[in-house]
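Protein chains in written order, with the working numbering: chain A, 1 to 379; chain B, 380 to 590.
Keep in mind that the hints were calculated from the coordinates and are not lab data.
The beta carbon of each residue, even a glycine, is placed where N, CA and C say it ideally should be.
Possibly wrong hints are sitting among the right ones.
Said to hold, decoys possible - So, partial list: chain B residues that the calculated Cβ filter (under 7 angstroms) puts toward chain A:
# : residue
1 : Phe414
2 : His465
3 : Thr497
What the hints assert, rightly or not - Covered stretches of chain B (chain A as the covering partner; in silico rule of three or more C-beta atoms under 8 angstroms from a C-beta of chain A):
# : stretch
4 : 397-407
5 : 444-457
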Amino acid sequence: MSELIINYADSGEEMTLNMGPQHPSTHGVIRFIVKTDGEIMSSAEPDVGYLHRAIEHIAEKCTYEGFMPYTDRVDYVCAMTANHAWAAAVEKLAGLEVPPRGEWLRIISDELDRISSHCIALGAMAMDIGAITPFPYALREREYINDLLEMLCGNRLTYNYHRVGGVGWDMPEGWRDKVLRFLDHFEPTIDEFNRLITNNDIFVARLANMAPITGSDAIAYGLGGPNLRASGIDYDLRRDAPYSLYSQVKFNVPVGSGQMGAVGDSWDRFWCRVEEWRESVKITRQALDAIEATPKGEFWIHPKKLKPKGDAMARVEAARGEMSCYVVGDGSANAFRARFRTGSFNAMQVIREKSKGLMVADLVALIASLDVVAPEIDR
Amino acid sequence: MDPRAIFDRVAAQFGDAVHDYKPGVVGNDKTNKGFINRDNEFKCKAERLLEVMTFLRDDPELRMDFLMCVTGVDYIKEKTLQSVYHLFSYPLRHQICVKVDLPRDKPEVPSVVGIWITADWNEREQYDLLGIIYTGHPDLRRLLMPDDWAGHPMRKDYKEAEMYRDMPTSRYSPLEMLSVYDKAHVQVSTDPNVPGGRKAGLTPGPEETND
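Could you put the whole structure together from the sequences, leaning on the hints where they help?
This is the structure in structure tokens:
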């Protein structure tokens, strides 16, 4: 048998493998057509579209506010930022103001959901390369956040919380203390998580120097968020092009520096997300302080006669990169055209390029390290 | 750099290939009934797009190294397909939007894949959904829809074919069936072609069970 395998490899023939669409480590329904000689891939061509639900087309069929629940489905792992992108774009288009309490509630919900999204990303990445334990550790924290967000808006996954002009509900009585208690509990678990997996020798050896993406490549391919910062580009929309009230909070932007290997390798991408947990905790604390000074109940200015005419583009820092929403209005109650620019869509193009010469098992790690989520690609 | 200065710099180089600079409007102005653009933008002629885009990326004072997204918009009343490019510069932190108007019957525009690699899938998606032909694109295939799909679904005049590979592409709406039944209080039609007919396979109404 071993002879056969060696002969096969000697002949230099390539084998074409289908990975997906229902492969557990492709994080959704994505198919890769992998050309491989033994373990070494010569290409991995992504085939997407299995989750295409024509969300942009649905936007043309319902009102600006009626479209909000659909934005949850653009990225169901971090639905809050997709809500925010749509709300921000429509507000910019119609020239609307949002009351401060609404903005702070948006920031708090965004950051909580970012923590929860990174929990999935990091836990699943560790599991994809064979470490089972971190996954339940990360999901345990995510459950707390799901509970908190359920108290806030009634939903655990697809929130439908933001509104054009504010947010749907004020925070319930005692919710602020519960969030603070969660943050007190969560901060030490970041160190626990680092001891458990991030600085684990086997884990570092597996990921350091794997599929590094240089800064210029990251920009050329349009990566965003933690993937971009891991490549050494110091840019965060929340700090550098502040939307909402992000200009009033102070936080650091973790940037990959190749601590364990090359700049922008898979370990850097992992580390950036871990550090973003800390920053999200900081931002949430500041927002919870600031929200005390805002009058209760003023969280939403209901827009009357929302019939804008024109076009606008709003950029929001989502968990998997910049999410921009471009809206065109034609003076009716429905959008004329809506377009979501998402992080995963652009990350997929990098996978095709960076998979050349990688091992098949590394492809799994590369997909996970870019935190690709299928609904965001296909929309 | 100030967006107006960006436009002036490009216009000084390319003359009337770029035109119609509009500064982004902020705030709610009820008196303005026209089309209000909220981002700084200018228009570019399709045949000179490549030169302009290369200049935008390479000029040391512009350095637009990041193509945020490519969007197609079908302005059916104006008989125009528009290809919209949102550009951003990481080193200089400025942003501009470039629009290219294309005739709806021959929507061809040069591909910018050679300038920004991220345009590859963006253009494929817009070709797939809106049928804008990006000439010079190395691999202009459908991205999201199946390869043998007919038509471009995001066009405003798109009509979905009734069948795709012998599968019906629509079904009767249960709500429509209810309203037919409620209004009439008459026997539900047994004609499978009528909305609310038996074909839809819902529980038969009382009239039918009495037979």
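These are the hints, each one checked on the structure:
Of the supplied interface hints, the one on phenylalanine 414 of chain B holds, with its beta-carbon coming within about 5 angstroms of a beta-carbon of chain A, less than 7 angstroms. Residue-level restraint check for histidine 465 of chain B holds (minimum Cβ-Cβ distance to chain A is 6 angstroms; threshold 7 angstroms). For threonine 497 of chain B, the shortest C-beta to C-beta distance to chain A is roughly 4 angstroms, which falls under 7 angstroms, so the interface hint holds. Restraint check on the stretch 397-407 of chain B versus chain A: 4 residues with Cβ-Cβ distances below 8 angstroms, three needed, restraint holds.
With 8 residues having a beta carbon nearer than 8 angstroms to a beta carbon of chain A, the stretch 444-457 of chain B meets the requirement of three or more and the stated coverage holds.
This entry satisfies every hint, going by the numbered hints stated previously.
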